[in-house]
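J.: Generate coordinates for the entire structure from the input sequences, incorporating the hints supplied.
One line per chain: the protein sequences are A and B, in this order. If you read the first sequence in this note's numbering, its first letter stands for residue 1, the second for the next number, and so on. If you read the second sequence in this note's numbering, its first letter stands for residue 1, the second for the next number, and so on.
Think of the hints as simulated: they come from the structure by calculation, not from any bench. As the structure is a computational prediction, the values presented were derived from the model and not from experiment. Each residue gets a CB set at the ideal place from its N, CA and C atoms; glycine is no exception.
Reference excerpt, derived from the structure (chain A facing chain B, CB under 8 Å, subset only): (1) F305; (2) L306; (3) A309; (4) R351; (5) V358; (6) R359; (7) L360; (8) F366; (9) L367; (10) T376; (11) L380; (12) P386; (13) L387; (14) D388.
Protein chains: 2
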Amino acid sequence: MSFPGALRASRDWVDHIARSSPARLALLVFAAIIAVETALLSLPAATASGERAPFADALFTATSAVCVTGLVTVDTATYWSFFGQVVILVGIQIGGLGVMTLASILGLAVSRRIGLTQRMLTAVETKTTGLGEVGSLIRAVIVASAVVEASLAVVLVPWFLDQGESLAPALWHGVFMALSIFNNAGFVVVHGGLTPYVGDWWLGLPIVVGTFVGAVGFPVILNVARQWREPRRWSLHAKLTVVTSAVLFAGAAVAVALFEWTNPATLGRLSLGDRVLASLVQGMTPRSSGLATVDVGQMRESTWFLTDALMFVGGGSASTAGGIKVTTLAVLVLAIVAEARGDRDIEAYGRRIGSSTVRLAVSVAFLGSTLVGVSTLLLLMITDLPLDSILFEVISAFATCGLSTGITADLPDAAKYVLTGLMYAGRTGTITVAAALALRERRRVIRMPNERPIIG
Amino acid sequence: MSFPGALRASRDWVDHIARSSPARLALLVFAAIIAVETALLSLPAATASGERAPFADALFTATSAVCVTGLVTVDTATYWSFFGQVVILVGIQIGGLGVMTLASILGLAVSRRIGLTQRMLTAVETKTTGLGEVGSLIRAVIVASAVVEASLAVVLVPWFLDQGESLAPALWHGVFMALSIFNNAGFVVVHGGLTPYVGDWWLGLPIVVGTFVGAVGFPVILNVARQWREPRRWSLHAKLTVVTSAVLFAGAAVAVALFEWTNPATLGRLSLGDRVLASLVQGMTPRSSGLATVDVGQMRESTWFLTDALMFVGGGSASTAGGIKVTTLAVLVLAIVAEARGDRDIEAYGRRIGSSTVRLAVSVAFLGSTLVGVSTLLLLMITDLPLDSILFEVISAFATCGLSTGITADLPDAAKYVLTGLMYAGRTGTITVAAALALRERRRVIRMPNERPIIG
Ligand SMILES: [K+]
Ligand SMILES: [K+]
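T.: The following block contains the structure:
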């Protein structure tokens, strides 16, 4: 086959798969990016020692970067070379855009047929943002990323200079942290981690604010940016996301403060101001930055368990965050309130939420729970670790959060592969995976007669 | 007020509450029965030693009996007197009928107005059973209980005689076990528990069969009893319940065999036949008999975690079992399959399942998860026990299962009260509790405009 012929064939293939199963295209795009990153991290030049990284660690790190998780089996600051860290940072930036955006970019770049890729987005982003065309939507997403990341870097580069670094490393570290924060990636290239800076507001506030902005998601960022002065005119999605995120953040910060106030290994020995900042940062980490400034491994079991629940919920839809998403939680809660009150409709902010939305929320939450449950069972069988650490690690991987009680590095390879698969399924979305695996799509014309089984 | 006047006033009050909030009436009936049982168990005559039982233990045991749970802080066979055991058995028999049946009986007995109580049942039992009238439905439920319990006693009394007991104790023990099995109560009056009889099919098979029949629920028992030869004509509810229960039982038995086959403390030292019977009994316990014939405390962590999931699901609706119910699981799974396939309707056995049923299933599952999560968090704070034992105990209490890793007796009073509340909420039904607590019922005429937030 000639070169133009091969190009045309691959274009037709992308066309075909985008038309027949957008979910499968999205999964393929993500898998391909992870494969390339794994290959690059497998080069000897990627490690500080110059020795080839073991496959399990290269795959785990590549997946953790592209899925913006931040769980690491090796120390990012010391194990990888500058080249290796650049590879990780590129993975974070690409992965942070999200699976739908990436699939759309591929569709635009290869097949130049907006009509097809638009179909993928109509059900999701466009209705919310009001931007009709996919091309301009993708541009807006990339511009939003760049603007927030640049703002964070402008704050963080001077912080690294203030720590005594010279210009080049301060620039590198500042940009790396800016991208890691906005993309909720959880990777840290600061030697010795963030715990020494638990009381530093100059570092802590950008983490809290940057995480929040990245985690509400691109549809909300674009919506709010256009209608900054008129919150009442925001979309239902934007209102639900912002309010639920804010409530979860405040509740988590208060709970962490309450649970850890007297724990000498975390908040107990800090000054009052430092405890407040540490609680704020810890309250935001489950959204899913994973950037902790206290030792998670030393937290109380009750804090771990609460963090499990918060990580599972995660951040906003079509965001840099993971989890089942805050709107999923909000819709489920609204459905239950309506059920308990005996209301026919589920309502919020003067809008009705339809039953198909509830069904999607159920699917996402139930598939997420099942995936977490099965993975936990596997790790209980593979390792001798207790349930609390395993459940924490599994939910952190699923929700691409990156917090850990400290077991990641010592896990056997089989457990690393389970977590790798979990990060992939968590970031691409359980329902995307389920739709891609579904044997066929069916459209029936004849409706069956209705019958109610007894529930509960 | 004269006596007839007081009677009329209380009748009017029951009338009023049955009309305005059937959920609250159901909760009140259950709480009243538990209060009476607690008072009886607080009498010195109720204990073998003749000393008054501590309030926390009397309340816990009364709740465990009426909620047919079987978790115990004191040994049933040795701590309570014969009178105390009779009180427990009466609690089991009354509680096994279920909250809706009890509320209906009260409604019939006091206010003699079937119309009102029927409203409580129309949404639930009558549609499924096809029996129009509440009075005959209640009679059918009581007759079904008595028939199955008598059949079990006919098998079990000879077993106790065969163990060398004389007629009176054999009768008492046989009847107690028959009621404990059918009502999924999990109480045992055999000294030394059931583990010595792990290989005894004469005892094991009645446990498996009796648990299954009790756990499918009265609507299914009545439906199947009438249409024994025509499974195709069973209601959708009966089909879903029987099939889901059978699949869970088979899967659980195989999983227990796989996980525990080489564990010397459970199946490892048994003969092949004994391992098979033990796996069958253990596969049925989470449905929620709680009658284990191997030492649950010695099981592997993976078996505990799988049992957590199985207990949470529990048995059938309007049955003697607990949990979120098998139809809730079935409807959620069917909803997800439909979602992944892109189907408009949720279908099973040629019937369509409506969105209001899905919403109810979501509410039950989500409220159950929330209740389990909050209770687990409380017990993590109250005690120093590890997450695995606590989660197991909490789910066992919520799902009125009664299995335990062995921590119940040593829990502090505060933890006992948490579990007491959990058994009550689990047995009366989380959605019943939520509906009773809802501030008001609203019926809107104006519908809000529809808007879809992004999910997942
Ligand atoms: K992360
Ligand atoms: K039980």
